[in-house]
Amino acid sequence: MVRLVDVYKAYRIGSRYLVVLRGVSLEVERGESVAILGKSGSGKTTLLNIIAGLDRPSYGHVYVDGVDLVYLSEDELARFRRSRVSFIFQSYNLISELTALENVMLAQKARFGRTDREEALRTLRLVGLEGHANHRPHELSGGQQQRVAIAMALAKSPKLIIADEPTGALDSKTREQVLGLLLDVKDRLGTTLLVVTHDVDVARRMERIVRIRDGEIVEAGGGSRGRGGASRALPLLSRRAGRAELASAVAHATRTFSALALATSRQPGSGACGSPR
Amino acid sequence: MTLYRIVLADLNPRNLRTVLTALGIVIGVASLVSLLAIGYGMRAAVRENLEGLVNMGFILMPSGGTSSGGLGLGSVSPMGVIPEGEIEGIDEIYGVSLVTPVLTQVGFTRQTGDSALLVIGTPLSGLEKGLPGLIEGSYWTGDREAVLGATAAKMLSAKPGDRIEILKRPYDKEGLSVRVVGILSSTGTFLQDQAIYLPLETVQEFYGQEGVVNLVFVRVDDPEAAEAVREVLVKRYPDLMIVETDQVMQNVGSILGILDAVLLGIGSISMLIAGLSITNSVMMSVNEKVREIGILKALGYTRGEILRIFIVEGLAYSAVGGPIGVAAGVLAAKFVSSALSVRGYALPLEFGPQSVVAGLAISLAVSLIASIPPARRAASMRVVEALSHE
Numbered sequence: 001m002v003r004l005v006d007v008y009k010a011y012r013i014g015s016r017y018l019v020v021l022r023g024v025s026l027e028v029e030r031g032e033s034v035a036i037l038g039k040s041g042s043g044k045t046t047l048l049n050i051i052a053g054l055d056r057p058s059y060g061h062v063y064v065d066g067v068d069l070v071y072l073s074e075d076e077l078a079r080f081r082r083s084r085v086s087f088i089f090q091s092y093n094l095i096s097e098l099t100a101l102e103n104v105m106l107a108q109k110a111r112f113g114r115t116d117r118e119e120a121l122r123t124l125r126l127v128g129l130e131g132h133a134n135h136r137p138h139e140l141s142g143g144q145q146q147r148v149a150i151a152m153a154l155a156k157s158p159k160l161i162i163a164d165e166p167t168g169a170l171d172s173k174t175r176e177q178v179l180g181l182l183l184d185v186k187d188r189l190g191t192t193l194l195v196v197t198h199d200v201d202v203a204r205r206m207e208r209i210v211r212i213r214d215g216e217i218v219e220a221g222g223g224s225r226g227r228g229g230a231s232r233a234l235p236l237l238s239r240r241a242g243r244a245e246l247a248s249a250v251a252h253a254t255r256t257f258s259a260l261a262l263a264t265s266r267q268p269g270s271g272a273c274g275s276p277r
Numbered sequence: 001m002t003l004y005r006i007v008l009a010d011l012n013p014r015n016l017r018t019v020l021t022a023l024g025i026v027i028g029v030a031s032l033v034s035l036l037a038i039g040y041g042m043r044a045a046v047r048e049n050l051e052g053l054v055n056m057g058f059i060l061m062p063s064g065g066t067s068s069g070g071l072g073l074g075s076v077s078p079m080g081v082i083p084e085g086e087i088e089g090i091d092e093i094y095g096v097s098l099v100t101p102v103l104t105q106v107g108f109t110r111q112t113g114d115s116a117l118l119v120i121g122t123p124l125s126g127l128e129k130g131l132p133g134l135i136e137g138s139y140w141t142g143d144r145e146a147v148l149g150a151t152a153a154k155m156l157s158a159k160p161g162d163r164i165e166i167l168k169r170p171y172d173k174e175g176l177s178v179r180v181v182g183i184l185s186s187t188g189t190f191l192q193d194q195a196i197y198l199p200l201e202t203v204q205e206f207y208g209q210e211g212v213v214n215l216v217f218v219r220v221d222d223p224e225a226a227e228a229v230r231e232v233l234v235k236r237y238p239d240l241m242i243v244e245t246d247q248v249m250q251n252v253g254s255i256l257g258i259l260d261a262v263l264l265g266i267g268s269i270s271m272l273i274a275g276l277s278i279t280n281s282v283m284m285s286v287n288e289k290v291r292e293i294g295i296l297k298a299l300g301y302t303r304g305e306i307l308r309i310f311i312v313e314g315l316a317y318s319a320v321g322g323p324i325g326v327a328a329g330v331l332a333a334k335f336v337s338s339a340l341s342v343r344g345y346a347l348p349l350e351f352g353p354q355s356v357v358a359g360l361a362i363s364l365a366v367s368l369i370a371s372i373p374p375a376r377r378a379a380s381m382r383v384v385e386a387l388s389h390e
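So the protein lines, in turn, are chains A and B. For the first sequence, the working numbering puts the final residue at 277, and the numbers step up evenly by one. For the second sequence, the working numbering puts the final residue at 390, and the numbers step up evenly by one.
Hints were generated in silico from the structure; no laboratory data involved. Cβ atoms here follow ideal geometry from the backbone N, Cα and C, with glycine treated the same way. Some clues are possibly wrong.
[What the hints assert, rightly or not] On the chain A side, residues computed to face chain B include the following (Cβ under 7 angstroms):
{"no.": "1", "residue": "49"}
{"no.": "2", "residue": "54"}
{"no.": "3", "residue": "56"}
{"no.": "4", "residue": "136"}
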């Protein structure tokens with residue numbers, strides 16, 4: 001379903017570069033739920049943005065259903081997002097001018113080019129918000145807003161749901177509700193679920209935990225399962241790239257500046273740029 | 001529609017920016033429509049008026065009246081005069097079928113207040129042969145009798161037998177009291193329909209211009225005789241301007257063309273300012289909705305779809321401001337016309353469909369062009385940066 005091969009991401013800040021992802025490789029099977037666990041600034045959101053086609057890697061390949069996102073144009077990436085992926089954000093990201101129902105219909109329109117009011121209402125019912133269809137975001141609690149965001153995600157019938165700290169702004173009771181809803185959707189519809197979190201309890205509810213630190217995957221398997229099913233030993237795909245690999249990265253980099261940045265800024269345990277290692 | 005509500009929800013009368021931007025369009029369109037109306041009206045009225053009066057032939061006018069005569073406003077503005085004695089015998093030139101010496105002045109009545117009417121002093125023959133027939137009453141038989149153009153009769157609510165008083169200036173205490181004896185059928189020409197026709201001598205006496213006229217219309221029915229008539233007239237009247245009908249039309253056309261260009265230029269500047277105002281408003285809207293743009297992009301909306309959202313916002317300004325601007329333009333033109341008539345200038349107006357269509361079409365085109373730059377900016381935003389915007 002999702003395969004990342006040697007993905008680097010660097011941002012230019014003035015005359016220096018900030019390397020956020022360092023040679024990340026990862027595989028996620030269809031229908032799997034994976035938590036990407038890491039501290040703030042570890043690169044987990046960047047990783048998710050790249051998988052969702054919201055951002056591009058500086059180097060490496062990102063395959064989703066066999067399609068390498070690196071080679072897609074902006075509009076092709078938009079069509080990829082509309083047809084394959086739903087994104088759930090920590091900050092809900094609802095359109096404040098629209099009601100809950102209209103937000104869901106907006107997602108329908110993006111996915112199918114048309115809206116279906118009855119279907120949108122059914123989706124809201126799924127997340128327990130049928131009574132709040134005509135409420136605008138500011139009239140809803142945080143948990144309710146996140147459930148609207150989940151309804152928006154479901155409205156697109158996605159193969160992949162990517163959630164960035166979906167419970168980060170919620171209290172423990174609401175967190176359980178939202179998590180339960182996401183996992184229920186995953187089980188019922190066979191959707192692949194990728195959740196970024198810094199909360200170990202949330203991560204443990206997923207089938208697999210991928211730990212990320214300073215832009216590198218330090219653990220790609222294990223973790224405890226919260227919802228049945230066999231645990232699967234997964235290979236540690238991430239590794240520190242040696243100088244030879246970096247030289248290869250430079251040779252193949254599609255974005256020269258970031259590759260050069262990697263060559264000059266690699267320091268163990270730090271994302272900051274500076275002297276070469 | 002849900003998609004467009006993201007931007008259209010903010011466009012309400014309580015939002016000052018919306019009101020000011022729409023007002024910019026209203027003013028731009030109003031300027032354009034009013035100026036076009038005045039331009040079209042002047043062109044149409046002058047042309048039709050001259051064609052109606054002149055038929056085929058020549059107009060003799062004093063040399064000093066060139067500029068005003070060229071504009072076709074000679075009939076309503078002060079200019080030089082021609083002594084009647086100088087034009088005797090024109091009707092004897094071979095090929096000439098009708099000679100009509102005319103003294104035109106501006107007059108007012110108590111009924112019409114500030115609105116100017118054209119007072120035309122003409123021999124009875126000019127009235128009978130030069131204009132369509134009567135729909136009511138008869139031609140004059142005495143020197144204190146008047147025949148009214150169709151529009152003038154309506155403005156004065158007058159019918160044969162009524163008395164009207166013609167004033168030199170609005171609200172003069174004393175004027176010329178005449179009895180209406182007939183009403184002309186409409187010529188379709190503004191100046192002719194909104195005129196009071198009186199015996200030539202009566203107008204000369206009332207305006208203190210005895211023995212003179214300011215225009216002489218010479219009709220030639222046979223086109224082959226026209227050149228010979230022109231040669232005789234030029235030889236006989238070296239001090240007078242002799243212009244052929246076609247020449248008049250050409251002169252009028254070229255002068256009105258310049259006038260049109262000036263008016264259009266002024267209107268265009270108004271629209272340019274209105275366009276910049278739309279660009280500014282849509283740009284502000286884009287800046288305010290960076291996060292929403294990010295959400296839409298994350299949902300999978302393409303650049304083209306996001307471009308359209310903000311173009312629709314720009315078009316919405318003209319959809320609201322355009323029709324109001326057209327209405328305001330009509331009112332503004334009428335106000336200008338009314339203000340000028342107080343000073344003695346009858347300014348005809350014409351609000352043809354072309355003025356309305358042009359006003360609306362230009363406002364839509366300006367809105368479209370003006371909203372493209374900010375819409376492109378919205379469409380080209382990077383989704384991650386847009387989503388992280390606070």
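Going down the list of hints, with the structure as the test:
{"no.": "1", "hint": "49", "verdict": "holds (5 angstroms)"}
{"no.": "2", "hint": "54", "verdict": "holds (5 angstroms)"}
{"no.": "3", "hint": "56", "verdict": "violated (9 angstroms)"}
{"no.": "4", "hint": "136", "verdict": "violated (10 angstroms)"}
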